[in-house]
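Undergrad: Chains as they are written, first to last, in my numbering: chain F, 2 to 285; chain W, 2 to 285.
Treat the hints as calculated values from the structure; they're not laboratory data.
A couple of the hints might just be wrong.
A pair counts as met if it fits within one copy or between any two copies, since identical chains are not told apart.
Straight-line alpha carbon distances no greater than 30 Å define the calculated DSSO-like cross-link-like pairs of lysine-lysine that follow [as the list claims (entries may be wrong)]:
#	residue 1	residue 2
1	111	248
2	14	111
3	44	111
4	192	14
5	248	128
6	259	86
7	14	128
8	192	46
9	192	86
10	259	232
11	86	111
Here are the chains, one letter per residue:
Protein chains: 2
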Amino acid sequence: MNESSIIASYNGKSLPLTEVFAPVLDRAFMFSDAVYEVLRVYKGKPFLLSAHTTRLQASLRSMRIAANQDFGDAILNNIAENQVKEGMVYLQISRGVAPRNHSFFAMELKPSILIYTKPFLEHPAAKEQQTGIKGITHEDYRWGRCDIKTTNLLANCLIQTHANEMGAQEAILIRNGVVSEGTSSNVFIVKNGIFITPPKSTFILAGTRRQFLIDGLLAAGHSVIERQVEKTELFNADEIFISSTVKEVTSVVQLDQKPVGKGIVGPFAKLAQALLDDAILAMK
Amino acid sequence: MNESSIIASYNGKSLPLTEVFAPVLDRAFMFSDAVYEVLRVYKGKPFLLSAHTTRLQASLRSMRIAANQDFGDAILNNIAENQVKEGMVYLQISRGVAPRNHSFFAMELKPSILIYTKPFLEHPAAKEQQTGIKGITHEDYRWGRCDIKTTNLLANCLIQTHANEMGAQEAILIRNGVVSEGTSSNVFIVKNGIFITPPKSTFILAGTRRQFLIDGLLAAGHSVIERQVEKTELFNADEIFISSTVKEVTSVVQLDQKPVGKGIVGPFAKLAQALLDDAILAMK
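I would like the entire structure built from these sequences, with the hints used as guidance.
TA: So, in structure tokens, the structure goes:
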């Protein structure tokens, strides 16, 4: 596993990722009682660091995990330790280790903290951004707190695997007839030059790229509407693209085996990606 | 932690539970990609062993985790190794260890197997069975595959903790106006001498105690109906009880701070518990 050359920080101790072992009584292992973040590293620096650490604090508060630190320095330190220029940081904080019991009432636990930085030898979405990806629609049967970034991710895993088995790269999740998000991305559609994306709710994660794009597109004078998107609108969209930390802006050019718009990466997705590229280029 | 005196079996190796460490890249740790069972041990023997191993195989099939063994012998061995007479077995099988990726498409992973037996110094539900417990109702915002016994349990944990904070011991979960189950139990109501419990669906786990009670009550000539139970019916029930491996039959005598029926452990709950007691007494 290439992961053996990654240096992880586990509760402040540095060691190869493949040699990090957690107690099985860690609540992440038996209850998915943990939160996480994934950050993209460009030019040796984490992109949108404060957006990620702010969201992490919100996740910790929602879960009432008391981890009294900002994690910004810990992230920077791990990137430096791995000497990663292009890559991603994974940061997971679990509630802690305790005898197995669903309830954590009155338990005073010490959170466990895992951080590692994985290098990218090439842009992980280069090919997909060029050709676009195939998507499927799928019922969103995840839990009702997808706004908290937790490791309660089994539905996401099962659905993404199913998408792959269908020859697709991502699933667009539909709850009660409307689009929520992808299994690990947010969803935008474009219709008549207007960018449309589902509003924040407990059914979607407020993606850092999602907000970056909304703000950037608005600032550049484009129309962006946050509103519910009916499943049927997907099939009438001029363009569909997903946004994520790793996939950045990636076009969905085929959905449920039907072409989306012209079936190619469209100008509005390119325009959105260009906003990101500009911001990355401007990083100091 | 008392857990240090428990001998666990981890991938076939015996060691103290508190010294079992799993790779953080185990998918249980980052994705709750694991299934489990909890069995009750009476008189040194697992109760309803085949019901549990059968359900475990169903969970493994649903999740497409290939663990080509029955686990019955492994369970018996661990009970013997711990010399437990009264207690419980915890068995967890995770998909395996891999670089982090939601999708497990085309991954050939080796499942990780954890088994441990925890002794009970006293009956863990003795007091609660005598006095009954307090319950609250709570929105069921768990995922849509609660029929598979997985570690995707964060909602259960958050809701059970909330119940404890409200001074209650269990939450009865309500989805779309009807009862699904407890956070770690099935729910029965009794009205006019008839036992009523929600039918099997993707929103409830088919509890081994639930089925044992349905079969036993029917065999003893009682009326048992499996049908949807409206939330409002809870407050008009003569009795409510939960069933679980550890709690067995435990009466909910107060719900949302209102007495259930006469507000005491009722005759039908006692009758149901007696069926269990008889079966335990008859164990050889």
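Undergrad: Each hint: holds or not?
TA: Right, here's what the structure says about each hint:
{"no.": "1", "hint": "111 with 248", "result": "between (34 Å within a copy, 29 Å between copies)"}
{"no.": "2", "hint": "14 with 111", "result": "both (15 Å within a copy, 28 Å between copies)"}
{"no.": "3", "hint": "44 with 111", "result": "neither (34 Å within a copy, 37 Å between copies)"}
{"no.": "4", "hint": "192 with 14", "result": "neither (50 Å within a copy, 59 Å between copies)"}
{"no.": "5", "hint": "248 with 128", "result": "within (10 Å within a copy, 54 Å between copies)"}
{"no.": "6", "hint": "259 with 86", "result": "neither (38 Å within a copy, 61 Å between copies)"}
{"no.": "7", "hint": "14 with 128", "result": "neither (36 Å within a copy, 44 Å between copies)"}
{"no.": "8", "hint": "192 with 46", "result": "neither (35 Å within a copy, 64 Å between copies)"}
{"no.": "9", "hint": "192 with 86", "result": "neither (37 Å within a copy, 67 Å between copies)"}
{"no.": "10", "hint": "259 with 232", "result": "within (14 Å within a copy, 43 Å between copies)"}
{"no.": "11", "hint": "86 with 111", "result": "neither (32 Å within a copy, 33 Å between copies)"}
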